[in-house]
Amino acid sequence: MKNERNYLLTLMTFLVYFFLLGPLLIIIVVSFGPDRYLAFPPNGFSLKWYSNIFEVSMFMTTFKISITIALLGNFIALLLGLPAAYALSRYNFRFKNTLNAIFISPILIPGIVLGFTLLKFLIISYNIPMFTGLLIGHIILMIPYIVRVISSSLANLDFSIEEAAMSLGANRFKTFFIIVLPNIHSGIIAGVLLSFLESFNTVDVSLFLSGPGISTLPIQMLNYVEYNFDPTIAAMSVLLMVFTVIFMFVIERTLGLTFFTKSR
Amino acid sequence: MSLISLEDVTVAYDNKINILEKFNLNVEKGKLISLLGPSGCGKTTTLRLIAGFLEAKAGKFTFKDKNYTNIPVYRRNFGFVFQNYALFPHLNVFENVAFGLKQRKVPKSEIRKRVPEMLELVDLNGFEDRFVTELSGGQRQRVAIARALVINPDLLLFDEPLSNLDANLRIAMRVEIRRIQQELGITSIYVSHDQEECFSISDEVAIMNKGVIEQLDSPSVIYKYPKTEFVARFIGFTNFIDFEVESSENGKLLLNSNHSKFRALKTNDVKVNKSYKGVIRPESIKMKSYIENEKQSENSIKGSIKISTFLGGLHQYVVNTELGEITVNSDREPPYDAGENVILSLPEDKLVLVEKG
Ligand SMILES: Nc1ncnc2c1ncn2[C@@H]1O[C@H](COP(=O)(O)OP(=O)(O)O)[C@@H](O)[C@H]1O
Ligand SMILES: [Mg+2]
Numbered sequence: 001m002k003n004e005r006n007y008l009l010t011l012m013t014f015l016v017y018f019f020l021l022g023p024l025l026i027i028i029v030v031s032f033g034p035d036r037y038l039a040f041p042p043n044g045f046s047l048k049w050y051s052n053i054f055e056v057s058m059f060m061t062t063f064k065i066s067i068t069i070a071l072l073g074n075f076i077a078l079l080l081g082l083p084a085a086y087a088l089s090r091y092n093f094r095f096k097n098t099l100n101a102i103f104i105s106p107i108l109i110p111g112i113v114l115g116f117t118l119l120k121f122l123i124i125s126y127n128i129p130m131f132t133g134l135l136i137g138h139i140i141l142m143i144p145y146i147v148r149v150i151s152s153s154l155a156n157l158d159f160s161i162e163e164a165a166m167s168l169g170a171n172r173f174k175t176f177f178i179i180v181l182p183n184i185h186s187g188i189i190a191g192v193l194l195s196f197l198e199s200f201n202t203v204d205v206s207l208f209l210s211g212p213g214i215s216t217l218p219i220q221m222l223n224y225v226e227y228n229f230d231p232t233i234a235a236m237s238v239l240l241m242v243f244t245v246i247f248m249f250v251i252e253r254t255l256g257l258t259f260f261t262k263s264r
Numbered sequence: 001m002s003l004i005s006l007e008d009v010t011v012a013y014d015n016k017i018n019i020l021e022k023f024n025l026n027v028e029k030g031k032l033i034s035l036l037g038p039s040g041c042g043k044t045t046t047l048r049l050i051a052g053f054l055e056a057k058a059g060k061f062t063f064k065d066k067n068y069t070n071i072p073v074y075r076r077n078f079g080f081v082f083q084n085y086a087l088f089p090h091l092n093v094f095e096n097v098a099f100g101l102k103q104r105k106v107p108k109s110e111i112r113k114r115v116p117e118m119l120e121l122v123d124l125n126g127f128e129d130r131f132v133t134e135l136s137g138g139q140r141q142r143v144a145i146a147r148a149l150v151i152n153p154d155l156l157l158f159d160e161p162l163s164n165l166d167a168n169l170r171i172a173m174r175v176e177i178r179r180i181q182q183e184l185g186i187t188s189i190y191v192s193h194d195q196e197e198c199f200s201i202s203d204e205v206a207i208m209n210k211g212v213i214e215q216l217d218s219p220s221v222i223y224k225y226p227k228t229e230f231v232a233r234f235i236g237f238t239n240f241i242d243f244e245v246e247s248s249e250n251g252k253l254l255l256n257s258n259h260s261k262f263r264a265l266k267t268n269d270v271k272v273n274k275s276y277k278g279v280i281r282p283e284s285i286k287m288k289s290y291i292e293n294e295k296q297s298e299n300s301i302k303g304s305i306k307i308s309t310f311l312g313g314l315h316q317y318v319v320n321t322e323l324g325e326i327t328v329n330s331d332r333e334p335p336y337d338a339g340e341n342v343i344l345s346l347p348e349d350k351l352v353l354v355e356k357g
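Taken in sequence, the protein lines are chains R and C.
Going by my numbering, the first residue of the first sequence is number 1, and it counts up by one from there.
Going by my numbering, the first residue of the second sequence is number 1, and it counts up by one from there.
For the record, the hints were derived by calculation from the structure and aren't laboratory data.
Being a predicted model, the structure only gives us computed values, none of them experimental.
Any given hint could turn out to be false.
Now the in silico label distances, taken between C-beta atoms and shown as ranges [unchecked claim]:
(1) C:A12 <-> R:R172: 19 to 27 Å
(2) R:T10 <-> C:G40: 56 to 64 Å
(3) R:L9 <-> C:S136: 35 to 43 Å
(4) C:P72 <-> R:F247: 40 to 48 Å
(5) C:G137 <-> R:F116: 55 to 63 Å
(6) R:F159 <-> C:S39: 19 to 27 Å
(7) R:F159 <-> C:S136: 21 to 29 Å
(8) R:Y91 <-> C:T309: 47 to 55 Å
Simulated crosslink set (DMTMM-like; lysine to aspartate or glutamate; CA at most 20 Å straight-line) [said to hold, decoys possible]:
(9) C:K64 <-> C:E7
(10) C:K102 <-> R:E162
(11) R:K96 <-> C:D14
(12) C:K102 <-> R:E163
(13) C:K350 <-> C:E244
(14) C:K274 <-> C:E229
(15) R:K174 <-> C:E95
(16) C:K266 <-> C:E229
(17) C:K350 <-> C:E246
(18) C:K60 <-> C:D8
(19) C:K31 <-> C:E176
Backbone N, C-alpha and C fix where the C-beta goes; we use that ideal spot for every residue, glycine too.
Produce the entire structure from the sequences given, and follow the hints as far as they go.
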């Protein structure tokens, strides 16, 4: 009986990993193929699709735009989201639940709707430059992640330590920086990372907010596969995977992955 | 002139019901005074108002003859000890204690001198590098006390500091708190709902009920001579008998209840022909077996045992009398039987008249 369940568990685990990692393996293998089309198994070995990434100038341009949008947007989203998360956790006021819902809503609203609405109002009605529009769209996308993750960090914070600090001579403002922030830093980092990834990967919102010269990497990849069937995109995916793995490795080394789950 | 004075202070959360209304309190320098009362009576509110965490809707708070009503908490120089310790989790013991000194821009060399001194005072030397999570509850509260003391506070405020500790530690810690308080001669206000705790360490106790101080006296006076029915009940008086005052002469009262006459000492301001509750502790009543035709002495009443419960070392009896049920403790062996007739005598110096509540 016990053995039977163990077999079943092993099988299930295997299947899960197979379906999760199988496609990734295929992409990795395919990216090294020499043919101008996706072939599995490949008929040889070549690195030319990797070098092709750097020859398509739009990839580099949009990569820079994606990074800029993600970093700059993250910074602004944090400036807006951190005080919001703090106020929502710390104080009781009227319309608190409504406000909470508004901050979370971008997760619930389909990206296509959000993208189209922003296009209609920001770009068409108010003539805001495309880059700014794209930035605003991404900030709206990132705020819920920032607010949510930081809020859960604040939920574990005993606010009487603020009062303790004030009774010992620190004013409200200083208390926030030297008492509250150090105790929620893991939440802030987690929120920033999650929203960075969300911004970097998102397609739907960006689709509406891109135009001549302004586009993000995922949009550029989408455009590319519309007209080309070669393994460049596979090579690009492998690079992004490596990028993510290095990213996670550095986090693991500096903070430990457990900090995502840690309450302190 | 008192060190602290609250005058006609009114406090309300969210501007709805007034938790404190025209509240008054005066505390002398160097004293430890407790606020004692049931949960929800406004003890914490009073303490937080004094600390400056709360603002009063009306009224005045004077400290050392200065108007403190609008001075923000971080300029008050009061130490506050919380029930849940409220230590800074990201700092070690040394840094926790040093926090207040850093805010006051005390030079590093002096901080390095004073923090260990404080830790010594609370018996925690050598714990400087520990983190809060590595300490027991008792140790955490000691750190919190050291942290509040190191700034040489003008006033020390405790909000149920021992409630999260187990019983033995509570007793050891309250002795410790009293020792430190007297050693430093620091004026303190101590909030608790534990009567024994307050009585054992305080110079004066204020018994609070629904936002009002019903009595403020030394622990021994409160213990013997409660002023109101609420106070009497709260500090363990179990017998409440209706009496009318027939006369009052030379500090002695003649009382009438259900046509029996009783005598009592005048401890409170009572008026002739008004009715009051006579209160007496179960251990103050003397009980003996009823003997037929024996002359009844003064202040005594006949009754019969209704219920008997064993309290360990003595028995507690509920006795049916003309005055109603009266609870009595007695260590007589063998114990009285149910239904047995007894004579209860209520010593005149133990029978206290209080306002009906
Ligand atoms: N933050 C608050 N908001 C609203 N009402 C409160 C708040 N804190 C306390 N109260 C109310 O004020 C009253 C007194 O509370 P408190 O001073 O904490 O009592 P105690 O410390 O004696 O138990 C209670 O009725 C409580 O419900
Ligand atoms: Mg309280």
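Consistency of the hints with the structure:
| no. | hint | result |
| --- | --- | --- |
| 1 | C:A12 <-> R:R172: 19 to 27 Å | holds (22 Å) |
| 2 | R:T10 <-> C:G40: 56 to 64 Å | holds (58 Å) |
| 3 | R:L9 <-> C:S136: 35 to 43 Å | holds (41 Å) |
| 4 | C:P72 <-> R:F247: 40 to 48 Å | holds (44 Å) |
| 5 | C:G137 <-> R:F116: 55 to 63 Å | holds (57 Å) |
| 6 | R:F159 <-> C:S39: 19 to 27 Å | holds (21 Å) |
| 7 | R:F159 <-> C:S136: 21 to 29 Å | holds (23 Å) |
| 8 | R:Y91 <-> C:T309: 47 to 55 Å | holds (51 Å) |
| 9 | C:K64 <-> C:E7 | holds (14 Å) |
| 10 | C:K102 <-> R:E162 | holds (16 Å) |
| 11 | R:K96 <-> C:D14 | holds (15 Å) |
| 12 | C:K102 <-> R:E163 | holds (16 Å) |
| 13 | C:K350 <-> C:E244 | holds (17 Å) |
| 14 | C:K274 <-> C:E229 | holds (15 Å) |
| 15 | R:K174 <-> C:E95 | holds (16 Å) |
| 16 | C:K266 <-> C:E229 | holds (16 Å) |
| 17 | C:K350 <-> C:E246 | holds (19 Å) |
| 18 | C:K60 <-> C:D8 | holds (7 Å) |
| 19 | C:K31 <-> C:E176 | holds (16 Å) |
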